[in-house]
Amino acid sequence: MSRTVNNPLADDLVRPLFRTSVWFYGAALALATVVLCGAAAWAYQIWYGIGVAGINWPVYWGFYLTNFVFWIGISHAGTLISAILRLVNARWRRPVTRCAEVITVFALMIGAMFPIIHLGKPWLFFWLAPYPSSREIWPNFRSPLVWDFFAINTYLTGSLLFLLLPMIPDFALVRDRATGWRKHFYGALALGWQGTTKQWHRLEAGMQIMAIAIIPVAVSVHTIVSFDFSMAHVPMWHSTIFGPYFVAGAIFSGIAALIIAMAVLRRMLKLEAYLHPVHFDNLAKLLLLMSLLWGYFVFSERLTVWYGNSPSEMAVFWATQRGQYAPLYWTMVVCNFVLPLVILSFRALRTIGGAVVASLGVLLGMWLERFLIIIPGLAHKELSYSWGSYSPRPPELAIMAATFAAMALLYMLFSKFVPIISIWEMKVGNQPHPPAPDTTEHEDEMAELWRARP
Amino acid sequence: MAHRWGMVVDLDRCTGCEACVTACHAENNIPTAGPQEAARGRAMHWLRVERYWEGDFPDVKVKFRPVLCQQCDNAPCEAVCPTYAAHQTDEGLNAQVYNRCIGTRYCANACMYNVRFFNFFNPQWDKPLHLQLNPDVSVREVGVMEKCTFCVQRIKAGKQTAKAEGRELHDGDIQPACAQSCPSGAIIFGDLNDHESRAARLAHSPRGTKLLEDLGAEPKVTYLQRQPWHESDGQ
Amino acid sequence: MTALYALYDDPHAVQRAVDGLRAAGLADADIVVMSSEPFEEYEFSHRDSANWLRWIAGFGGVTGLGVAYWLTSYTQQAWPLVTSGMPIVSPWPNLIVIFEMTMLGAILATVVTLLITAKLPSRLPRLYDPEVTNGYILVGVQQPAADLTPTLTAALERAGEGRIRTID
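Going down the list, the sequences are from chains A, B and C.
In the numbering used here, each residue carries its 1-based index in the first sequence increased by 15.
In the numbering used here, each residue carries its 1-based index in the second sequence increased by 7.
In the numbering used here, each residue carries its 1-based index in the third sequence increased by 13.
Keep in mind that the hints were calculated from the coordinates and are not lab data.
Every value quoted in this text rests on a predicted model; they were computed, and no experiment measured them.
With a straight-line cut-off of 27 Å between C-alpha atoms, the simulated DSSO-like cross-links for lysine-lysine are:
#1 A/Lys300 <-> A/Lys285
#2 A/Lys198 <-> C/Lys132
#3 B/Lys68 <-> B/Lys217
#4 A/Lys198 <-> A/Lys285
#5 B/Lys70 <-> B/Lys217
#6 C/Lys132 <-> A/Lys213
So these bits of chain A aren't anywhere near chain B, every CB distance computed over 12 Å:
#7 Val103
#8 Arg197
#9 Gly323
Positions of the beta carbon are idealized from the N, C-alpha and C atoms, including for glycine.
Using the sequences and the hints given, assemble the complete structure.
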């Protein structure tokens with residue numbers, strides 16, 4: 016009885032590509048509307064000047080940078096799950112890897128928009144690229160923003176390839192089942208894949224190398240994003256802990272986003288047979304671990320500041336702890352630490368629903384954390400005469416809403432054109448094992464040697 | 008020897024009249040923000056007079072400090088600019104190249120003195136105020152950072168005049184708008200490499216301090232502290 | 014292009030087929046095995062492994078390192094601008110850009126080599142049967158010698174339950 020043929024796996028996972036419900040069109044339309052509103056807000060901002068946003072003197076970075084760091088942080092989901100679990104050969108990663116890698120690619124694309132959106136002259140964003148320009152000047156490689164350019168582009172390239180390469184065998188599968196325009200479309204995407212042993216070896220070797228390469232890149236990306244802050248002499252920015260702190264926070268928010276995406280997929284695409292409660296349970300345990308790690312970093316940072324009692328840093332410290340930012344600060348602590356600890360520590364509460372609730376809280380808490388790192392520091396720099404405040408204006412809110420809608424829309428469209436669970440990787444997980452090597456001949460020899468002789 | 012432009016601000020003489028602020032606006036084509044935008048924190052005063060109140064009524068004391076770009080030797084704003092819009096010149100000035108600025112505003116965040124200002128909109132001057140613009144200074148467009156340049160246009164003009172007249176620059180030939188307009192002569196500008204100049208001599212005054220000196224930016228503006236004789240009751 | 018192949022649904026049968034074809038005198042390089050998933054645990058998969066790919070990745074990384082080193086130090090010297098009192102060629106910040114381009118070089122070298130050696134994308138007509146993506150494993154030979162064909166067919170039939178097809 017073969018287990019490789021005619022199982023419902025391929026049928027289930029390919030069905031969304033061939034059948035679309037009315038709900039899909041309705042949701043896509045709604046999300047596209049929100050995205051268009053955001054695009055209109057951005058056009059308005061370019062036309063009238065960036066002054067239509069809420070930034071001012073001295074808080075020159077506001078919502079746009081918050082969202083930038085937030086989305087780049089979310090993009091760390093795919094790497095952790097895909098690359099690290101692939102390297103340690105964790106079997107439960109198989110249905111989860113592509114969902115996670117898709118989040119990474121789209122979150123990076125969305126996050127990388129924000130450095131362009133927040134520029135005073137966004138039409139000149141390409142000056143960050145190192146090209147031989149007619150002005151004969153190159154970018155300043157000492158600037159953390161140029162480091163951002165290199166890091167994010169490297170990570171985006173790596174993640175995109177890491178996502179696309181294992182999709183090739185699945186495209187071949189869809190090509191073989193499709194007719195009409197789909198056959199041509201997926202045929203082109205499959206690049207003529209046959210599935211010979213040579214091709215499989217190349218693919219797997221390539222994936223292994225890329226998994227090893229993409230992990231330091233991911234760590235470096237969010238470290239470099241943290242350098243945008245820690246390289247400046249702003250109170251509570253100029254901290255050596257920012258690199259690891261941001262990376263841990265990024266993985267934290269990434270896992271939360273992944274749990275939510277998987278829960279939605281499971282419900283919408285009826286993938287209950289493939290995304291089991293144990294997958295959510297494992298991810299929920301990771302989320303709990305990252306929550307504890309986040310708490311450890313925040314405690315370390317704040318204890319050091321409080322103990323050192325430097326006046327300029329304490330101004331920022333009290334502003335977040337007791338002053339005008341206190342409501343946001345304590346909401347963040349509850350969402351990032353208390354809520355996950357309570358929900359995810361007890362098996363009875365660590366259900367799929369519980370994991371989703373905790374994850375939604377974590378996403379809110381991590382967004383607030385980015386906000387509370389950026390704005391209070393800028394609002395309370397060394398010279399108290401120049402303290403200020405910040406509140407967002409409609410263009411910033413519209414663009415922010417548009418990015419969330421864009422993420423959902425891109426994810427939905429992806430799941431409509433590509434199997435969201437990697438079919439060939441699932442098949443490998445279900446393979447029958449080869450028989451033990453044949454030892455009967457050897458046993459005869461040994462029996463002869465040890466035969467009792469008269 | 009190359010010039011090294013520096014400034015000394017005598018806090019003993021400063022009355023907080025803000026003539027320097029007005030003169031700077033006029034000289035450098037700084038746009039006015041208007042009441043609504045100023046309330047949103049968009050006012051652009053390259054040179055501002057900071058006022059600090061000490062004590063409670065009736066024993067209130069007020070202290071003035073004109074704060075402008077300190078033209079730091081180790082300016083934190085320069086390295087973070089991705090397009091080299093902020094860099095150090097040979098004469099020690101912190102140059103802001105408007106054409107290279109794409110408006111990331113990182114320099115403004117890195118500056119601990121908060122002396123960098125951003126053009127949130129395209130500046131507009133209602134007629135006939137546009138006739139008042141200084142032709143020696145460019146008008147910046149939206150999205151560009153700007154700050155005090157030590158009136159680099161006057162420095163250049165002074166050097167060109169001296170060269171045309173075939174002589175060396177004398178101390179006092181170059182006066183930025185703020186120094187020129189201060190009624191009490193609190194702002195002194197000069198070449199720190201010219202040891203005879205007033206600025207160089209006063210920079211070594213025992214009253215001299217630098218703003219946020221311990222942060223290591225090495226500012227070139229020296230503030231001369233007020234003397235205790237002002238604390239008495241006028242006797 | 015002519016071909017002779019069989020479609021099996023059981024990897025054990027595939028192993029027997031491959032052994033049978035080898036016994037019939039075919040070299041490993043002439044035996045084609047196609048599947049919709051890799052069968053790493055089976056012996057028939059063990060040829061064509063690509064351990065040398067990591068050397069290519071390393072070479073790509075070194076290339077990226079060299080390019081980044083040149084890019085940063087050359088451009089910093091071409092327009093020597095003093096910023097924040099840092100040296101004209103600043104090693105510590107340059108290290109970050111060098112690291113990123115090293116990794117990018119390794120990744121791109123790996124992917125390009127992967128695509129080229131797997132012959133993707135391909136335009137030429139090649140041996141393929143859509144039943145492969147239904148889960149069947151194809152074992153066969155392209156351009157079989159006419160005198161060898163009956164032996165090969167017998168070997169494929171002996172291996173197990175499978176459908177034998179030819180392309181003429």
